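Participant: Sequence:
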Amino acid sequence: KGRPTLAMVFLLIDSSVPPQPVDLEYAEWLLQEEVPFVIIFTKVDKRKKGMDKDDNMTAFKRALLHERGFAALPPSVATSSETGDGKTELQHLCASLRIATEQSGVCAAAYTVWQREQRAQAGAGGSRR
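Numbering of the sequence shown is given in my numbering, commencing with residue 18 and proceeding in unit increments.
Be a bit skeptical, because a hint or two may be false.
Dumping the calculated BS3-like pairs for lysine-lysine here, alpha-carbon to alpha-carbon at most 30 Å [claimed, not checked]: (1) K104 with K78; (2) K70 with K60; (3) K66 with K104; (4) K60 with K104; (5) K104 with K70; (6) K65 with K78; (7) K78 with K60; (8) K78 with K63; (9) K78 with K66; (10) K63 with K104; (11) K65 with K104.
Everything labelled a hint here was simulated from the structure, so no lab data went into it. From a predicted model like this one, the values you see are computed outputs, not experimental measurements.
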């Protein structure tokens with residue numbers, strides 16, 4: 018909570034497997050901490066025989082709503098590095114985030130703070146990474 022310079026977290030979920038407890042827990046943690054996030058379903062081109070490509074994505078969303086108590090679902094994008102599915106949507110999302118953060122001045126303010134910290138460390142005779 019309270020990270021104004023964090024624009025968005027991309028939560029990558031492997032859609033070729035059923036929902037994993039650790040992925041659901043992480044999504045729940047992001048929600049509880051009020052961290053803005055988008056679910057990026059990966060490997061949408063991979064699926065087991067007889068399964069629809071949306072089955073695991075639907076199961077993940079259902080688990081968030083019914084098992085994890087989400088009132089609403091975060092945005093999501095289905096992607097495949099093999100076929101390029103979702104690439105355009107993801108690029109548009111990134112462009113929208115860039116524009117929003119530039120207009121808000123958050124990036125410039127964060128950079129100013131970083132520069133100030135770097136100068137202070139240099140003046141103290143040490144560099145810390």
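Participant: Now, for every hint given, state plainly whether the structure supports it.
Facilitator: Now for the hints, and whether the structure bears them out:
1. K104 with K78: 21 Å, holds
2. K70 with K60: Since the Cα atoms of K70 and K60 sit roughly 9 Å apart, the hinted pair holds (cutoff 30 Å).
3. K66 with K104: 25 Å, holds
4. K60 with K104: Distance of about 12 Å is within 30 Å: holds.
5. K104 with K70: 17 Å, holds
6. K65 with K78: 19 Å, holds
7. K78 with K60: With a Cα-Cα distance of about 16 Å, the restraint between K78 and K60 holds, given a limit of 30 Å.
8. K78 with K63: Measuring from Cα to Cα gives roughly 18 Å; hence the hint holds.
9. K78 with K66: 21 Å, holds
10. K63 with K104: The hint holds at about 16 Å.
11. K65 with K104: 23 Å, holds
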